[in-house]
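Asker: So the chains spell out like this:
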Amino acid sequence: MTDTQTADPASDARRTRRRRQAEQLAERASGGVRALVLKLLLLGIVDAIAVYAVLVLIGFEQWVVIGVIAVVTAIVNWVYFSRRALPAKYLTPGVVFLVLFQVFVLVYTGYVAFTNYGTGHNGSKEQAVASLMASALERVPDSPTYPVTVVQQGDELGLLVTTPEGDALVGTSERPLEPVDAEFDGDRAVSAPGWTSLQFAEVLQRQSEVSELAVPYSDDPNDGAIRTPDGSNGYRYTSSLEYDEAAGTLTDTESGKVYRDTGVGAFTADDGTQLLPGWQITVGFDNFVRAVTDQRLAGPLVYVTLWTFAFALISVASTFFLGLFLAIAFNNARMRGRQVYRVLMILPYAIPSFLSALVWAGMMNQSFGFLNEVIFGGASIPWLTDPVMAKISILIVNLWLGFPYMFLVCTGALQSIPDELQEAATMDGARPWAVFRLIKLPLLLVSVAPLLIASFAFNFNNFNVVYMLTDGGPRDSAAPIPVGYTDILISMVYKVAFTGQTRDYGLASAYSIIIFIVVAVISIIAFRRTKSLEELNG
Amino acid sequence: MKVNSRGRVIAAFAVATTLGLAGCSSSPSGDAPSGGDGGGDPASTLTVWVDAERVDALQAAADAYTEKTSVKVDLVGKDNADIKDDFIQQVPTGEGPDITMGAHDWLGELATNGVVAPLELGDAAGDYLPVALEASTYEGTVYMLPYAVENIAVLRNAELVPEPATSFDDMIAKGKAAGLEQPFVVEQGAEGNPYHLYPFQTAFGAPVFGTNEQGYDPTDLQLGNAGGEQFATWLGSQGKNGTGVFNTDIDGDIAKQAFIDGTAAFWLTGPWNVGAALDAGIDVEIDTVPSPTDQPASPFAGVKGFFVSAESDNKVAANDFLVNYLGTEDAQLALFEAGNILPALSAAAETASSDPIIAGFAEVGAESVPMPAIPAMGAVWQYWGIAEAEIINGADPVATWQKLASDVQAAIG
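In order, the protein sequences belong to chains A and B.
Taking the numbering used here, the leading residue of the first sequence gets 1, the next gets one more, and so forth.
Taking the numbering used here, the leading residue of the second sequence gets 1, the next gets one more, and so forth.
The set of hints was computed from the structure by calculation and includes no laboratory data.
Being a predicted model, the structure only gives us computed values, none of them experimental.
Glycine included, every Cβ here is placed at the ideal spot set by N, Cα and C.
Check before you lean on any hint, since a few could be wrong.
What the hints assert, rightly or not - Each computed DMTMM-like pair below joins lysine to aspartate or glutamate, with the alpha-carbon atoms no more than 20 Å apart:
no.: 1; chain 1: A; residue 1: LYS495; chain 2: B; residue 2: GLU229
no.: 2; chain 1: A; residue 1: LYS125; chain 2: A; residue 2: GLU202
no.: 3; chain 1: A; residue 1: LYS495; chain 2: B; residue 2: ASP85
no.: 4; chain 1: B; residue 1: LYS403; chain 2: B; residue 2: ASP283
no.: 5; chain 1: A; residue 1: LYS257; chain 2: A; residue 2: GLU202
no.: 6; chain 1: B; residue 1: LYS68; chain 2: A; residue 2: ASP271
no.: 7; chain 1: B; residue 1: LYS68; chain 2: B; residue 2: ASP330
no.: 8; chain 1: A; residue 1: LYS125; chain 2: A; residue 2: GLU242
no.: 9; chain 1: A; residue 1: LYS257; chain 2: A; residue 2: ASP271
no.: 10; chain 1: A; residue 1: LYS125; chain 2: B; residue 2: ASP313
no.: 11; chain 1: A; residue 1: LYS125; chain 2: A; residue 2: ASP223
no.: 12; chain 1: B; residue 1: LYS403; chain 2: A; residue 2: GLU242
no.: 13; chain 1: B; residue 1: LYS78; chain 2: B; residue 2: GLU95
no.: 14; chain 1: B; residue 1: LYS256; chain 2: B; residue 2: ASP313
no.: 15; chain 1: B; residue 1: LYS240; chain 2: B; residue 2: GLU181
no.: 16; chain 1: A; residue 1: LYS257; chain 2: B; residue 2: GLU139
no.: 17; chain 1: B; residue 1: LYS72; chain 2: B; residue 2: ASP313
no.: 18; chain 1: A; residue 1: LYS391; chain 2: B; residue 2: ASP249
no.: 19; chain 1: B; residue 1: LYS240; chain 2: A; residue 2: ASP386
no.: 20; chain 1: A; residue 1: LYS125; chain 2: A; residue 2: ASP244
no.: 21; chain 1: B; residue 1: LYS176; chain 2: B; residue 2: ASP261
no.: 22; chain 1: B; residue 1: LYS78; chain 2: B; residue 2: ASP56
no.: 23; chain 1: B; residue 1: LYS240; chain 2: B; residue 2: ASP169
no.: 24; chain 1: A; residue 1: LYS125; chain 2: B; residue 2: GLU95
no.: 25; chain 1: B; residue 1: LYS256; chain 2: A; residue 2: GLU373
no.: 26; chain 1: B; residue 1: LYS72; chain 2: A; residue 2: GLU202
no.: 27; chain 1: B; residue 1: LYS176; chain 2: B; residue 2: ASP313
What the hints assert, rightly or not - Some chain B residues near chain A, calculated using beta-carbon distances under 7 Å:
no.: 28; residue: ASP63
no.: 29; residue: THR66
no.: 30; residue: GLU67
no.: 31; residue: PRO92
no.: 32; residue: GLY252
no.: 33; residue: ALA310
no.: 34; residue: ASN319
Looking at chain A on its own, in the form it has when it is part of the complex (with noise of 0.2 Å):
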């Protein structure tokens, strides 16, 4: 293993006293009524919570949800009331937490790659038939708004209508309107003979009913039919749309077209029209066909690729080389007020960093930017105008957020190489350079070289820098697609999958699986090769 781990009095001793306080702690856990009526308590808190969410999702139907809220109470309650399971008792909560917010979402994200979700398919298909159906509601040209009253026989729901004349007239969805003696209040009929008229309020009661309420005017369906959107003023409409619930099909009532479900997710006519609203389904590798052969991203791809490597592994290797040399000058013992100034070296982490990006993209204004004006001198210096100013620009704004992390981390690992190894080499007359390159780094690689990783996979992502810096811009006006010379992968594909007013959740799912594929494939080889670094340090 490290050479950390060599024998050491201090840290043995200290080591034994651990040991102690946590066996005692294992005791505690184990046995004794305190520890007995905490665990009690806290269990009763999550069943509580647990029971409750169980009885508000009864409400709102979540079937499934409450499955499996009560196996995974089913589960920690198992778990913490067992004497064997000790090693889940320490899992559980993460794996909880890791499946909630890390695996659930991977899997979302992966159905969601496998369906048309995006603008136009958002709903079912009951929904789209019924928000088609309400569109295609017309007018009757030059009719006169008719004053209604919602009225009742038996159970069924009829209007009390009264014409423009000031005759009453009623009828039912299944009856059209006909003559009846009404009283009138004003020229409003309030009520008839054999029907109960419904209050506001009892209107609203049924008002799901109400508002389907459609009253034929005459026995002919082209004269349309009387509906009241809000109880108390009808109006005559014709449908644009018929629907044929048995055969499926959406008929055209002016041309005739009649629109089927072919299996796209919309209506849609033989000559290949569509209705949209449409609905969602799953539509296999479509997304991921769509992604590699879209003919718009032949050209930018391969920039925005190497753009994108480029990026992220300069950013990885400044952002290392700058914190290494401060994390190295700053563990000189000779200096002085070196906590004021790691305190000031880690400032620019604290900042979120879209707000750096944001103030970075201020000062990097072209005419009026802080950099030019003050700093420069009135200089006119494109920084973020120019394609190859802008990416210098973003890299330097990425080194300034990620080099207090590196900074951090190598003073972390600095510090846990050992003292003697250092002086051991200089009496041995190595040169300090010598001493880092052959001694230090690779010592410092063994620790820090999965987080280079990670960073790498970060910055591979970085869209928060990327977004608020530039916008992927100056734009490449001569791409078929928005997409700008500072663009990343991540970027390019938000800005084709969510282009304009066009959601397009299904192609951006199936888009970030790939990138997370190669993130993915390039993490493996590379944590592949560190391990072997630890077995040459071993």
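Following the hints, position chain B against chain A.
Answerer: This is chain B only, laid out in the frame that chain A set:
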């Protein structure tokens, strides 16, 4: 290290919603509209999503409505930037509100996703400003109850330039005569800002889309017509290699600062910036946009309003609340007091126009056209600003404009 991607954000959002349901049913967004039905005291409860800044303005109207009809109105203040996407995502799950506040240019997206229900204004339709009614209509059907109309106009510093400008060149000349180097500012940015340049474009007779009886016609792209090329040429002549009137380095904040500092006498902007200018002690007058041609320079109008959810279980109450209650002059004026933008109801607009600033914007607004809400407009925004920015920065105007037209045509398909 977190992996950042939109897909996961949405998935995370789904998790959060599920948790929200499970854990805290008392939170406002978790309130299902159907939840409290079935014989409770209030006849029903309307859940309304409102821009957080307008909750107070609407509260009085909501309370008065509850008193009149015993329908409870539950106002949920939300960040304006989140409302549209949340509404589209939540309505199909049945968790969305009954009514949401919004802007007319969402309409295409909302209708394509099937989340809004048509609204019948009935005889009241004629009581609204024509531009508001036009904006509330999508493919021939009204979906929105409009409450405010917003458009840009020229703010003039009357101390520096006492007389309104008669034309674009006159404006620059008057400003120069007052000793200003950059007398006119307008918000641009590295990617341009076509919304603020649109008045000049219309002056050359180049709308984005043609219109038919259903409204804007996505198959009739007018952007690249001869007027568009003339506009492009003019824009180039006023850009970096010309007079320098337009500058892509001037963003909203820089323009505001120039006007407040008195280094610019004319500022093309919207009502949302008037407060800042008045607070700075500027004597502000509102002028129409000075035209570079003999045609009027008409800006886009943005109309704000309310939508009814397609999945609402309270459609009758929702329609009644919107059409018969928020459509009244009192309610519209109450909303006006909170937002200080022109009411959409003609009678309320007239009352509000006793304020000279509002009257000034209303006068400009009379020439305005609604911003297209059709989904094809999204494709236009993608390419429009960047092309204008390139022209301002010295690219060949006509060639750039033609590429813009062909890119947009290709994106619309």
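Asker: Indicate, hint by hint, whether the structure satisfies it.
Answerer: Taking the hints in turn, this is what the structure says about them:
| no. | hint | result |
| --- | --- | --- |
| 1 | LYS495/A x GLU229/B | violated (28 Å) |
| 2 | LYS125/A x GLU202/A | violated (31 Å) |
| 3 | LYS495/A x ASP85/B | holds (16 Å) |
| 4 | LYS403/B x ASP283/B | violated (43 Å) |
| 5 | LYS257/A x GLU202/A | violated (41 Å) |
| 6 | LYS68/B x ASP271/A | violated (52 Å) |
| 7 | LYS68/B x ASP330/B | holds (15 Å) |
| 8 | LYS125/A x GLU242/A | holds (16 Å) |
| 9 | LYS257/A x ASP271/A | holds (10 Å) |
| 10 | LYS125/A x ASP313/B | holds (18 Å) |
| 11 | LYS125/A x ASP223/A | violated (29 Å) |
| 12 | LYS403/B x GLU242/A | violated (43 Å) |
| 13 | LYS78/B x GLU95/B | holds (15 Å) |
| 14 | LYS256/B x ASP313/B | violated (46 Å) |
| 15 | LYS240/B x GLU181/B | holds (15 Å) |
| 16 | LYS257/A x GLU139/B | holds (18 Å) |
| 17 | LYS72/B x ASP313/B | holds (14 Å) |
| 18 | LYS391/A x ASP249/B | holds (19 Å) |
| 19 | LYS240/B x ASP386/A | holds (16 Å) |
| 20 | LYS125/A x ASP244/A | holds (14 Å) |
| 21 | LYS176/B x ASP261/B | holds (16 Å) |
| 22 | LYS78/B x ASP56/B | holds (13 Å) |
| 23 | LYS240/B x ASP169/B | holds (17 Å) |
| 24 | LYS125/A x GLU95/B | holds (18 Å) |
| 25 | LYS256/B x GLU373/A | holds (19 Å) |
| 26 | LYS72/B x GLU202/A | holds (15 Å) |
| 27 | LYS176/B x ASP313/B | violated (61 Å) |
| 28 | ASP63 | violated (18 Å) |
| 29 | THR66 | violated (12 Å) |
| 30 | GLU67 | violated (13 Å) |
| 31 | PRO92 | holds (3 Å) |
| 32 | GLY252 | violated (12 Å) |
| 33 | ALA310 | holds (5 Å) |
| 34 | ASN319 | holds (4 Å) |
Going down the numbered hints, you'll see the structure goes against 1, 2, 4, 5, 6, 11, 12, 14, 27, 28, 29, 30 and 32, while the others check out.
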